[in-house]
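2 protein chains.
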Amino acid sequence: MRTLLKNGTVINVFTGEEEQAQVLMEDDRIVGVGDYNEQDADETQDVSGRYICPGFIDGHIHIESTMLTPGEFARAALPHGTTSVMADPHEIANVCGAAGIRYMLEASEGIPMTVYIMLPSCVPATGFDESGAVLTAEDLEPFYSHPRVLGLAEVMDYPGVIARDREIMKKIRAAIRHGRTVNGHAPLLSGRELDCYIAAGIGDDHECSSVQEAKERIRKGQRVMIRQGTAAPNLRDLLPLLEEPWAHRCLLVSDDKHAADLLNNGHIDAAIRMAAQDGRNPITAIRMATLWAAECFGLCGVGAIAPGYTADILVLDDLHQVRIRHVYQKGRMIVENGRMHPWNPPAVCPDLEKNVRSSFHINVLSERDFYMKQSGKQKCHVIRLVKHQLITEDWITDIDFDKKGGVDLNRDILKIAVAERHKNTGHKCIGFISGTGMKRGAAASSIAHDSHNLIIIGTNEADMAAAGNRVREMGGGCAAVADGNILAELPLPVSGLMSEASAPAVAEQNQKLWESERLLGVPGDVELFMLMAFTSLPVIPHLKITTQGLVDVDRQRIVPLCE
Amino acid sequence: MRTLLKNGTVINVFTGEEEQAQVLMEDDRIVGVGDYNEQDADETQDVSGRYICPGFIDGHIHIESTMLTPGEFARAALPHGTTSVMADPHEIANVCGAAGIRYMLEASEGIPMTVYIMLPSCVPATGFDESGAVLTAEDLEPFYSHPRVLGLAEVMDYPGVIARDREIMKKIRAAIRHGRTVNGHAPLLSGRELDCYIAAGIGDDHECSSVQEAKERIRKGQRVMIRQGTAAPNLRDLLPLLEEPWAHRCLLVSDDKHAADLLNNGHIDAAIRMAAQDGRNPITAIRMATLWAAECFGLCGVGAIAPGYTADILVLDDLHQVRIRHVYQKGRMIVENGRMHPWNPPAVCPDLEKNVRSSFHINVLSERDFYMKQSGKQKCHVIRLVKHQLITEDWITDIDFDKKGGVDLNRDILKIAVAERHKNTGHKCIGFISGTGMKRGAAASSIAHDSHNLIIIGTNEADMAAAGNRVREMGGGCAAVADGNILAELPLPVSGLMSEASAPAVAEQNQKLWESERLLGVPGDVELFMLMAFTSLPVIPHLKITTQGLVDVDRQRIVPLCE
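Those protein sequences? They're chains B and F, same order as listed.
Residue numbering for the first sequence follows my numbering, beginning at 36 and increasing consecutively.
Residue numbering for the second sequence follows my numbering, beginning at 36 and increasing consecutively.
I should point out that these hints are in silico values taken from the structure, not numbers from a laboratory.
Please note that the accuracy of each hint is not assured.
Since the list gives no way to pick out one identical chain from another, each pair is judged satisfied if it fits inside one copy or across any two copies.
Claimed, not checked - Once the Cα atoms are required to be at most 25 Å apart in a straight line, the calculated DSS-like pairs of lysine-lysine come out as:
#1 K205 to K365
#2 K389 to K250
#3 K250 to K41
#4 K547 to K474
#5 K547 to K205
#6 K408 to K389
#7 K463 to K408
#8 K412 to K463
#9 K463 to K414
#10 K422 to K408
#11 K250 to K547
Please model the entire structure based on the sequences and the hints provided.
What follows is the structure, encoded as structure tokens:
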């Protein structure tokens, strides 16, 4: 089957030129760019006045962060021109281990988007994380034979790399031995430590938040993934990288993207649009999102409109607004005039499906589970949130355990609990948190990076138990409760991280969840559930909470609640 | 062992910048670029006022064309800054088959230059070629497991590729299946045919002789290897490619380089020098010769001064003259102040050594072997050389066989013969050639692309036999004979293509050979032995001679000598 796109302007990502050329596809490949006509094709599409551009590639995303299954994610992202993603199933792997990776591979098999997989390098993320699985280098090894596995995902354990820790180096060396890429994750690392990290074989980083940081990495041979995620939109600060000599060493990635953001604002197209609106050359942004992304992963034959390349092709109405009219994936028109052609996600093998859907193992919670043994006034470590940031402060203040168990709404001090939920070990830690502004009820969630235990913040123990139990009943998800009533909920039955619903449905449920935050008294500029999700991640400074206790991140040690 | 290069200016091939930075190596790797000092190293080299640049990579060379073994080639090229080459052992493979490839791998094992091997794709080059071996896709397969084998070498059989010929496509698909590169060779191919050729998976080309030709290829996704060989110096015509958006898709290669040219003018350094002298940015040329060359072959960790990269490092006195002071190869100083540290080439396994040194199998020749059966005057096809080109004309003219067997010095018509020499089949063809200007004697050579049979041009049959016999006695080589006396000779015992001697010795012998051309009456602007070497290559238009007969290259068929 030969299809001709005629009268369009081809975006040449090798040279940055706009070319008047006909594009001929045969089955899933581009076979000609130049002087072709109707006689050469079985089917011709006139795209006069439009642009022909390679499909966009997101070089780093955790699909789980959209709360969508790979199929539903693709359904939402394809109309935005995304035809390939490099997905790191770090979240589901922390819950389900190798089965989680297998699930993501099976659930994306044959869908009209190429979902490449980068193997999660840090499961669990730290020694404090009581995750659902441990993935060793040996566990990852079999995945390298899968044609969609491209390497080792973000190596967050940079202290381990710098110390040449045996286990993390084994994983890195395996990827290199297989001729694959190793993605980095080392925010603010610089100088000698950065040299040492890079020299281990780490090819890129997506954590750069300043041009200076990015330039050092490019000079040292890394590629920089410019992240424009929902919670971490770095593109504005990094726009100067869209000029040479930096641009050709950069990619555009999303890392974490919420369903509503994806639907309302777009995906990689949104980043290109923002660059164009800032006066940057949109073709440079397109090159970052196509050929240069493919090059970062050593992918051949992907990311360009050229003979022999995969026919992942976008027809754009314009370059500055990046309005996407048609999307061809592997030569098949999947989005036509902005509307998706129907397709079904693949069937995942039942055992695997069952495995990822029965990830929640914890006993029913009661009010008593959230009482603390302390009494009287004591100096305690309180996790204090920092507005619009994921870092927290270690606030040492007096807590009067005899008054409402220490909860003090006047000082905005609430209870926070993390309960192990993978293997029903009963491990649990209760502490205090300040900065949410919550005035009543409780919120619970099974999204709690990176080990995704059950995390609960509340003004009282009864609502904490009720919220936690609701999440437990759903087999994972989020719930907001006040006075024993469920204000909003978002079921995430797939490993406690992903919904079964479509992107619009998830976005709507999420919207209701956000609205319920206001009912709990949380001010509009605080995203409670999002912040909760990072409160148990002991790699972001300064004080976090895990099932093993409060963690002083800077010193990498457990601290007692009371001084 | 840690070595520090301090106070130098680093050429950053990622950005094109010059950076003041210290470079720290540990064993064979660069481990740091930045703020380091003596305390970090076991040994410090002050390179104040000098440049630190990655070792040069020649992306496409036939080492056999230097007439040097890999070890002697390295000895000659290292002082010119070449630390890696992608060698296509096409010539020796046409003589010795897979044993020839194995020999090149063994003879370059452990030498202070990384000799990557591209597997010869066309052995024999054409159906007319009676070469010493036939290499099928199955024969090439085992080589892909060798760490220095990077892919499939120049696919000269472009008509076969365009026709999707089964055997050539099998070779191409094997390389792609192994995730390796496929080099192209398709001079002047354009438009639809070029699309078809590229779509088969051909990643680059080194045959571009015009900017226009090169631009079409870059736009279609190929990389362009700018060839600056001894006989085909294309760089001057292609200098405009040293500007963006073309430069980053280009490499500098030599393809065929003679020992004297290598010694006197240099290698890749000479190409960079020429670019600089033309007013181009030498750093752009250096980027082509380092990082971008590595990228073309999907090589990671080679071609840059950056953490984790192989410590192939040049210290240059200046950028415009490209004066090379020191060369580090895998962290070891191998050239110091322009002088090579001593090292020995590896021992090749005796069976293999014997194999490549006993490639000449042909009976002793006699005058009678060069007589022709025709008599009287007949219209004959004569190979007419075109000055300074490898193409020939098909000149149809009267030959009087009764006068000196057809030789006519007034009209510059001599005899040319090609005799099979690999398997002693006795196959032989005698024809006529015009354009050498030879007035007496004969010249014989075992370098006769691509099948490397014994080729002889002469004014009389006795000298033709004498010259041929001298080459036979040497087990391969070149010889010039007049009146039964040997005027000059160049023994090439290694497969009839390579000498055992050093580059200076080979250059000197070659010089004597060139001088002997004058003794034969050949004018100074004709390179007899070089032209001879291409007279039996039936892929260059228009009339060539093989053991099977005269070949009309345009029609790809054997033509009888007489009309």
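Which hints, by number, does the structure contradict?
-> 2, 5, 6, 10 and 11
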